[in-house]
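Numbering follows my numbering, with no gaps: position 68 of the sequence shown is 131.
By construction, these hints were calculated from the structure, which means they are not laboratory data.
You may find that some hints are simply not true.
To be verified - Derived pair list, reagent style DSS-like, types lysine-lysine, alpha-carbon separation capped at 25 Å: (1) Lys-73 / Lys-173; (2) Lys-185 / Lys-73; (3) Lys-173 / Lys-185; (4) Lys-185 / Lys-169; (5) Lys-169 / Lys-73.
Said to hold, decoys possible - Beta-carbon label-pair distances, calculated as ranges: (6) Tyr-116 / Gln-172: 58 to 64 Å; (7) Leu-96 / Thr-180: 28 to 34 Å; (8) Arg-74 / Arg-156: 18 to 24 Å.
In this text, a Cβ means the ideal position worked out from N, Cα and C, and glycines have one as well.
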Amino acid sequence: MSNLETDDLKRSVQRLYQITIYGRWVVVVSCWLTLGSFGIWGLREEFSLWQEYLTFAAVRYGLAFNLVPSFCLAFCLGITAAVLLRQSIYFIRGGLSAPERRSLEKQVQKISATGPTHPLWKWVFRS
Numbered sequence: 064m065s066n067l068e069t070d071d072l073k074r075s076v077q078r079l080y081q082i083t084i085y086g087r088w089v090v091v092v093s094c095w096l097t098l099g100s101f102g103i104w105g106l107r108e109e110f111s112l113w114q115e116y117l118t119f120a121a122v123r124y125g126l127a128f129n130l131v132p133s134f135c136l137a138f139c140l141g142i143t144a145a146v147l148l149r150q151s152i153y154f155i156r157g158g159l160s161a162p163e164r165r166s167l168e169k170q171v172q173k174i175s176a177t178g179p180t181h182p183l184w185k186w187v188f189r190s
């Protein structure tokens, strides 16, 4: 491969990685807007109790007797923590690991082979 081809590949891999990051954050925001708001709305009566008596027992029983809103909030917190952890690992390492880079390179090659009909083609191979 020539130097120009490797530079284009690196740029394409970086763009694909940025797209995946944006996609993860879109999922997190949409989770909070749907499930998170449902969970907070379901616990609205418990919030007034917690304002008066903020104890571990009040929080525990409030969450235990409202399982669906509790699971919604737990899922939102979990997915947010997972994305933040993934981002912090990327920053601590100073970039992508070798297996992640190879995987993204394979995805870029698949997108390139598919051509302009692929939904991500115009974002990965923009000039």
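Hint by hint, here is what the structure shows:
1. A distance of roughly 15 Å separates the Cα atoms of Lys-73 and Lys-173; the hinted pair therefore holds under the 25 Å criterion.
2. With a C-alpha separation of about 16 Å, the suggested pairing of Lys-185 with Lys-73 holds against the 25 Å cut-off.
3. Only pairs whose Cα atoms come within 25 Å are accepted, and Lys-173 paired with Lys-185 is accepted, the gap being roughly 14 Å.
4. For the hint linking Lys-185 to Lys-169, the alpha-carbon distance of about 17 Å falls within 25 Å, and the restraint holds.
5. About 12 Å separates the Cα atoms of Lys-169 and Lys-73, which keeps this hinted pair within 25 Å; it holds.
6. A hinted range of 58 to 64 Å holds for the C-beta pair Tyr-116 and Gln-172, which are about 59 Å apart.
7. For the hinted restraint 28 to 34 Å between Leu-96 and Thr-180, the CB-CB distance of approximately 31 Å keeps it satisfied.
8. Checked against the hint of 18 to 24 Å, the C-beta distance between Arg-74 and Arg-156 comes to roughly 20 Å, which is consistent with it.
This entry satisfies every hint, going by the numbered hints stated previously.
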